[in-house]
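S.K.: Produce the entire structure from the sequences given, and follow the hints as far as they go.
These protein sequence lines map, in sequence, to chains A and B. Numbering follows the UniProt record's numbering, in which position 168 of the first sequence is assigned residue number 168; successive positions increment by one, without gaps. Numbering follows the UniProt record's numbering, in which position 267 of the second sequence is assigned residue number 267; successive positions increment by one, without gaps.
Hints were generated in silico from the structure; no laboratory data involved. Take these hints with a grain of salt, some might be off.
The following label-pair restraints were derived from C-beta to C-beta distances [what the hints assert, rightly or not]:
(1) G73(A) <-> K164(B): 15 to 25 Å
(2) E5(B) <-> D83(A): 48 to 58 Å
(3) T55(A) <-> D67(B): 37 to 47 Å
(4) E259(B) <-> G73(A): 42 to 52 Å
(5) A136(A) <-> A275(B): 45 to 55 Å
(6) V161(A) <-> P54(B): 18 to 28 Å
(7) D65(A) <-> Q97(B): 14 to 24 Å
(8) D37(B) <-> A35(A): 35 to 45 Å
(9) E156(A) <-> P288(B): 54 to 64 Å
(10) P87(A) <-> K233(B): 23 to 33 Å
(11) G160(A) <-> E259(B): 47 to 57 Å
(12) T120(A) <-> T260(B): 55 to 65 Å
(13) G159(A) <-> R264(B): 42 to 52 Å
Derived, one-sided and incomplete: chain B residues facing chain A with beta-carbon distance under 7 Å [as the list claims (entries may be wrong)]:
(14) R40
(15) G147
(16) N150
(17) A152
(18) N155
(19) A183
(20) R200
The beta carbon of each residue, even a glycine, is placed where N, CA and C say it ideally should be.
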Amino acid sequence: MSGEETASDADDAAASGGDLRQNVGRRFARLPDTAAEREVEGRATREEVLDWWETRFGVEPTVFDEYTFWEKGAGKIWALAGDVVSPIEVEAIGMKVLRTRQEHWKPTTDAVQRFGRDATKNVIELDAEDARAFAAGEDLEPDWDGDWGYLIGAHEIAGGVEPIGVGLFTHGTLRSMVPKGRQRDL
Amino acid sequence: MEPLERYRPLIDDFEAFLDACERPLSSAVRVNTIKADVDRVRTAFDDADVGYEPADWNERVLTLDTDSPGTTWPSMHGWIHGQEEVSALPPVVLDPQPGERVWDAAAAPGSKTTQLAALMDDRGLLVANDNNLGRLSALRFNAERLGVTNVAVTNQDARNFSLKPFGSASDAADDADDRRVEAFDRALVDAPCTCEGTIRKNPDVLDEWSLDHVSSVAGVQKGILTRAIQATKPGGTIVYSTCTFAPEENEAVLDHVLETEDCRVVEQDVPMDHAPGVTEWDDESYDPSVEKAARIYPHHNDTGGFFCATLEVGT
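M.R.: The following block contains the structure:
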């Protein structure tokens, strides 16, 4: 096992701690398509998830055509390429992409790396030095006149702009949200 | 090295074998085609002045001239994954297709799982199982870092693996629901083993070696492979692999399932130098078809050691 295969982010550690205490934490349920089909109060719908990616980052809904979305516990949303029976009791299904049920929805680092290439707005392109600091989890004070809130931090590499992770922009500061286990000293 | 002496009768050039076992392995990575193609990764390494050498049998496997691939941008982006060259063989031999349902029976920490997902173009359903919850969290971390979205992770004893969570037969679910999983198209059984073949990475691996350990792990291997055959569709394919040289954990396991289950060992395309499976060992003889298995010794391709066989489930 190489060194890079062992890390785990704090979120996951907390989640599996919960799993050990109560099995219900392993139960995933498919998101309803629309609010009219919603059976669990407060659960996001597929429509809302697609709308959020499009409104916030300009990611076209068609990017997710082959995906189903799943909620585990309250507010953690997972994306699966394909479909399975619902509910389903497993450790994980697809990729954890989003935290909902709070005022500001927050995407995961892994989700913006996977789907953020299709983003057309709220992407902040960092220069080489800032990109390294962002990947190391450091805060930046970039020139940014756009929206506040969660942004996709990206940089130019090997002939294209590539998303690095999520940053929270407020009051002139971009806080790197790259989880500890994903931070790198590049 | 002493436990390796027992293999002297099996290995043609035994001195070359021992020499290779004593040489450390250089650091290899696999290009994760879910997130980047080989050319883009090469460009990124060129720009960063990191040298690389592709494996001659697989352009996605690169040996890097850095000891810390984890501190490169391609790693941060999940474009590459640290994985020993020979360990990239079993998923290639299994050859899973996009849209299929595939079982990875002993999946953690996920190097082969994520490679299977990439070979499936991240489409279909890949069920990654392991009995060790701690190692599963490493698998989940790796899968998410590499952008895998077609995987369901389970924490079961593979020997008694149940498809019930996926809505199989005994469930009250609708019979016509094609989201239910009744059986897999393919399975990878990369079995827990004594890991003798990893000696170039872990020189201490033989310190704990004993014949008792070999026998006890062989029992587990037979149990997992049996369950994989039962959980795979008629005509489906299973790859059985280990990173050990012991026939008790390799050919003897195949011989066991050939007797107890409806399956056969089939020809496989192994693009690395290798020796055939052995049919005689320690007063035992095995079914002649186990010769179709591949024994990859460290001196063959300058890699770690591996065993790999392909089975077809009876129709």
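S.K.: Hint by hint, note whether the structure agrees.
M.R.: Outcome of the hint check:
1. G73(A) <-> K164(B): 15 to 25 Å: Taking Cβ atoms as reference, G73(A) and K164(B) lie about 22 Å apart, which means the hint holds.
2. E5(B) <-> D83(A): 48 to 58 Å: holds (53 Å)
3. T55(A) <-> D67(B): 37 to 47 Å: About 45 Å separates the Cβ atoms of T55(A) and D67(B), which means 37 to 47 Å holds.
4. E259(B) <-> G73(A): 42 to 52 Å: Taking Cβ atoms as reference, E259(B) and G73(A) lie about 47 Å apart, which means the hint holds.
5. A136(A) <-> A275(B): 45 to 55 Å: holds (47 Å)
6. V161(A) <-> P54(B): 18 to 28 Å: Holds, since V161(A) and P54(B) (Cβ atoms, about 26 Å apart) stay within the stated range.
7. D65(A) <-> Q97(B): 14 to 24 Å: Since the Cβ atoms of D65(A) and Q97(B) sit about 20 Å apart, the hinted range of 14 to 24 Å holds.
8. D37(B) <-> A35(A): 35 to 45 Å: Once the Cβ atoms are compared, 40 Å apart, the range 35 to 45 Å for A35(A) and D37(B) holds.
9. E156(A) <-> P288(B): 54 to 64 Å: For P288(B) against E156(A), whose Cβ atoms are near 58 Å apart, the range 54 to 64 Å holds.
10. P87(A) <-> K233(B): 23 to 33 Å: Because 26 Å falls inside the window, the suggested range holds.
11. G160(A) <-> E259(B): 47 to 57 Å: About 55 Å separates the Cβ atoms of G160(A) and E259(B), which means 47 to 57 Å holds.
12. T120(A) <-> T260(B): 55 to 65 Å: Hint holds: Cβ distance 58 Å, inside 55 to 65 Å.
13. G159(A) <-> R264(B): 42 to 52 Å: Distance hint for G159(A), R264(B) holds at roughly 48 Å.
14. R40: It holds, given that the least Cβ distance between R40(B) and chain A is near 5 Å, below 7 Å.
15. G147: holds (4 Å)
16. N150: Holds - the Cβ of N150(B) comes within 7 Å of chain A, reaching about 4 Å at its closest.
17. A152: Since the shortest Cβ distance to chain A is 5 Å, the answer is holds.
18. N155: holds (5 Å)
19. A183: For A183(B), the interface hint is violated, since the closest Cβ of chain A sits about 15 Å away, which is over 7 Å.
20. R200: violated (14 Å)
Hint compliance for this structure: hints 19 and 20 are broken, all remaining hints hold.
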